[in-house]
Amino acid sequence: MNGFALYWRFIAVSVRSQMLYPTAFVLRFSSQFFVTIIEFGGVWVLFARFGHVRGWTFAQVALFYAIASIAFAIADGLSRGFDTVGPLFIKTGNFDRILLRPRSSALQITGQDFALTSAGRLVQGLAAFAVAIDLLKPDWGVAEFMLLAWAVAGGASLFISLKMLEGVLAFWTTEALEVANTLTYGGEAAAQYPLDIYTAWFRKLMTYFVPIGCSLYFPVALVLGHDAPGVPPWLAVLAPATGFAFLGVAAAVWRLGIRYYTSTGS
Amino acid sequence: MTTLALPYLSILRARFSLMLQYRTAAWAGVATQFWFGAIRVMTLVAFYAGTGRQPLNLAQVVTYIWLGQAFLALLPWAADAEIAANVESGNVGYERLRPVDTYFLWFARALAWRVANTCLRAGPVFVLAALVLPLTAMRDWSWRMPAGLDAAVLFLVSIALSALLSSAMTVLLNIVVTAVRTPRAAGFAMGFVNLFSGLVIPLALFPSWAQTFLLWQPFAGLADIPYRIYFGALSGAQAAEGITAQIVWVVLLVLLGQWWLDRVLSRIDMQGS
Amino acid sequence: MAQIQVENLSKSYRIAARDPGLAGAVRGLFHRRTREIAALSDVSFSLERGELLGFIGPNGAGKSTTIKILSGILRPSSGRCEVDGRVPWEQRIAHVARIGVVFGQRTQLWWDLPIIESFELLRDIYRVDGAKFGRTKDRLVEMLKIAPLLDTPLRQLSLGQRMRCEIAAALLHSPSILFLDEPTIGLDAVSKLALRDFVKDLNRAEGVTVILTTHDMHDIEALARRVIIIGNGRLLRDSSFESMRNEVLGERRLIVDFATDVGEVAVEGASIRARDGRTIEFAFDPARTAAHTLIANIARAHDVVDIRVDDPKIEEVIARFYTLHGAVES
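Protein chains in written order, with our numbering: chain A, 1 to 266; chain B, 1 to 273; chain C, 1 to 330.
Same shape as in the complex, but just chain A (with noise of 0.2 Å):
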């Protein structure tokens, strides 16, 4: 059975076994949206009060919120098992186990832990979507939904990536880090604007060295017809790619990190 297919059948028995405790799921669910659509909420508060954001209105953002936290909730579902390395699997020695199995240890780890919760947050970005639209009445046709999908994937692919990064960070200290957060969960919050209005060092950093404004920014603003400066729109549109490469560099530290697991063996 091929790494994929494997994949698949780990997620299909981690969906049963969450099934098996429906309230608890319910519960999950449902806070986790509340607790997503009040920050969304907190959105148009600030609308309210001020009317903009440097020339955006409060539809406009809407969609980066949307497109933002739709990608991190897929990310944040496929890939939640990297947030519990530390603890499940490195301070109790289930890693071991993990590694004694002949197949990828980023694909165990991901496949025990499916997040269906992150459903949650995923219908905030849905509803925020619709929000959007709604206010925004775009007369987009098939290219514009193709390129905020494609912005969809490489956003989510780029949240992969940096919650792999957190799990690395577990070989060495053994705790979750909230530190880790600052990327991942930071990133999210950071990508919920358009990147303009922060400050140049700032939309440096989240540019060229965690391209969420490459996966995100650039794709969201040309379907708004909001050109980022300096960025003609084909680069607008194989930007969001950045976020596969940066999955590629993400892989190649998780082994470096498993090689330092085996040295030390904690």
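For the record, the hints were derived by calculation from the structure and aren't laboratory data.
All figures in this text were calculated on a predicted structure; none of them were measured in a lab.
Treat the hints with care, since some could be wrong.
[Said to hold, decoys possible] Quick look at which bits of chain A chain C covers, simulated, 3 or more residues with Cβ under 8 Å:
#1 28-34
#2 91-98
[To be verified] Some chain B residues well away from chain A (every beta-carbon gap over 10 Å; in silico):
#3 Arg13
#4 Ala14
#5 Ala38
#6 Gln54
#7 Tyr103
#8 Pro146
#9 Val153
#10 Thr182
[Unchecked claim] Not close to chain A: a few residues of chain B, all C-beta gaps over 12 Å, as computed:
#11 Ser10
#12 Thr32
#13 Val41
#14 Ala49
#15 Asp80
#16 Ser89
#17 Asn91
#18 Leu149
#19 Asp150
#20 Ala152
#21 Glu241
#22 Leu252
#23 Gln258
#24 Arg267
Glycine residues also receive a C-beta, built at the ideal position from the N, C-alpha and C atoms.
Following the hints, complete the assembly by docking chains B and C onto the known chain A.
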């Protein structure tokens, strides 16, 4: 008095020692809080660019955000992890076996946890945001000093009341978790706490027709009231009103908690857990 | 050519040292002291295909470090190790596909899944061909008598049932080496006996190499023809169990129930160890006085109800060995 408080003091000390062991976690927490603070500050700076008069000026809002980050650990986001674990394993009945009043044990444990965590984090965030930032090009983003000596003193009183309020709410979450026997049941609390404490958006920026309600609902006392007192947006009679609201809620929630805990635990006793 | 070849294997760890008390914890925020400890020093041995090796030593002696290195999940600091011609930690994926590992206190099955579904998942993980899997599974199910358990989720099984399923799980991909780490811990007597029988059969009939670590010396006694004792990270002894037992067993016991009250009994070649009413326990050295001579002498001089020859408990033997070789830090 001393001997009465002794068990609760040892709890506080043990918590501190435990947390300090995770040194990487402590530094990581500070870095994270600072980072999220910076993102929020930048967002609000962008909103404030080119608008007229607002209920809070930019310096106040920025200070508000930093206070929020520094005192983040004070918020009652979840039930006590230990009690949640006991609920999951079905051992919560044993809480009754300890020779101290369960309500105050839980209260002390919550207080110790929140205060210890906050002490560890508030200092470094203050150093970075209030002392280091003014020396950089990002001067406008820095945490400002309190409005005056009176504001500073009132702030200390008010933030202490926040700690008590937060602990009372944490115990209520413990009770909910114990009553329905699912640790996840407390998940909704986070949404209410974030929104109504002012953490998502400072309460003063909400529409003006909602202001009286916002000041008197229980969550304002967790963050919004002490912060507004700090930079003088609540002073004199208004500050007194805010602090009164905090005291009223602490008393009400403690009484509610004691009454409810008693009922929940006696039901567990009867079921034989 | 030996299946497992280990030469001069050493492993040292760096561990953090923390000063006691609150002040120490605060200092630890800024500065962390570490010290190096040697978990394994200069261990060499080799193992032929089909051997059954008992691997024993006190806690912290280096047993699990060795097992981890042999199974490919830990890199040694120095030394060589080859298993089936592969360096385990260099070719980990290929290596672990050919070994089976059972941890007595950890599961490799899925908590909420019926056993059969865990097995099928393992089939896919190890890429076992469907028909071959069917045959292996059926044989294991029969040998371990787990057919009635297959549809039950792991969380509903008793410890003994769980361990039988664990062992089947570790063997589904027909490994050529089986590592058993404390497999009988916490099991009741019947389960222990059944497990030992199964391991013995597996080793004899199928030629699977077995490496067993345990604190239960009855496991060793029942199973292992060869024993390696490790202490303080060093290999203390590598020999047959019998020879080790004879070396350490300086004396044996002779317990005599007399028919009448006997006063002072003097028996040549034996000394009195304990007495309880009419029962007297003698100690003697089998190398100098043969047991049958002793028994004959006593029976001739006294009226005797019963005579038994007894060995010190197996645990005592091992404990004495550890002390003798300084394997336990006092």
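Right, here's what the structure says about each hint:
1. Judged by the Cβ-Cβ criterion of 8 Å, the region 28-34 of chain A is not covered by chain C as claimed, because only 0 of its residues qualify and three are needed.
2. Counting residues of the region 91-98 of chain A whose beta carbon lies closer than 8 Å to any beta carbon of chain C gives 4, which meets the minimum of three for the stated coverage.
3. Listed as a non-interface residue, Arg13 (chain B) keeps its Cβ farther than 10 Å from every Cβ of chain A; the least gap is roughly 22 Å.
4. Every beta carbon of chain A lies more than 10 Å from that of Ala14 (chain B), the smallest distance being close to 19 Å; the non-interface claim holds.
5. Distance to chain A contradicts Ala38 (chain B) as a non-interface residue, since its nearest Cβ pair spans about 8 Å, not more than 10 Å.
6. Listed as a non-interface residue, Gln54 (chain B) fails to keep its Cβ farther than 10 Å from every Cβ of chain A; the least gap is roughly 7 Å.
7. At roughly 25 Å, the least C-beta separation between Tyr103 (chain B) and chain A is larger than 10 Å, which holds for a residue marked as non-interface.
8. Consistency note on Pro146 (chain B): stated as away from chain A, and its beta-carbon is indeed over 10 Å from all of that chain's, at 25 Å minimum.
9. Non-interface status of Val153 (chain B) relative to chain A is upheld: no Cβ of that chain comes within 10 Å, the nearest being about 31 Å off.
10. Its closest Cβ contact with chain A, about 6 Å, brings Thr182 (chain B) to no more than 10 Å, contrary to its assignment away from the interface.
11. With a cut of 12 Å on Cβ distances, Ser10 (chain B) stays outside the contact zone with chain A, its closest approach being about 25 Å.
12. For Thr32 (chain B), the requirement that its beta carbon stay farther than 12 Å from each beta carbon of chain A is not met, with the minimum near 4 Å.
13. Listed as outside the interface, Val41 (chain B) is inconsistent with that label: its C-beta sits roughly 10 Å from the nearest C-beta of chain A, within the 12 Å cut-off.
14. Not every CB of chain A lies more than 12 Å from the CB of Ala49 (chain B), the least distance being 6 Å, so the non-interface label is violated.
15. With a closest Cβ-Cβ approach of about 18 Å to chain A, Asp80 (chain B) is found to remain outside the 12 Å limit, as its non-interface label requires.
16. Every CB of chain A is more than 12 Å from the CB of Ser89 (chain B) (nearest about 15 Å), matching its label as outside the interface.
17. Remark: the non-interface label on Asn91 (chain B) is consistent with the geometry, its nearest Cβ contact in chain A lying 18 Å away (cut-off 12 Å).
18. Once the 12 Å rule is applied to beta carbons, Leu149 (chain B) is consistent with being away from chain A; the minimum gap is 32 Å.
19. With a closest Cβ-Cβ approach of about 29 Å to chain A, Asp150 (chain B) is found to remain outside the 12 Å limit, as its non-interface label requires.
20. The non-interface label for Ala152 (chain B) is consistent with chain A: the shortest C-beta to C-beta separation is roughly 29 Å, beyond 12 Å.
21. With a cut of 12 Å on Cβ distances, Glu241 (chain B) stays outside the contact zone with chain A, its closest approach being about 23 Å.
22. Distance check for Leu252 (chain B) against chain A: the nearest CB is about 24 Å away, which clears 12 Å, and the non-interface claim stands.
23. Gln258 (chain B), annotated as away from the interface, keeps every beta carbon of chain A farther than 12 Å; the closest lies near 26 Å.
24. At roughly 19 Å, the least C-beta separation between Arg267 (chain B) and chain A is larger than 12 Å, which holds for a residue marked as non-interface.
Checked against the numbered hints above, the structure violates hints 1, 5, 6, 10, 12, 13 and 14; every other hint is satisfied.
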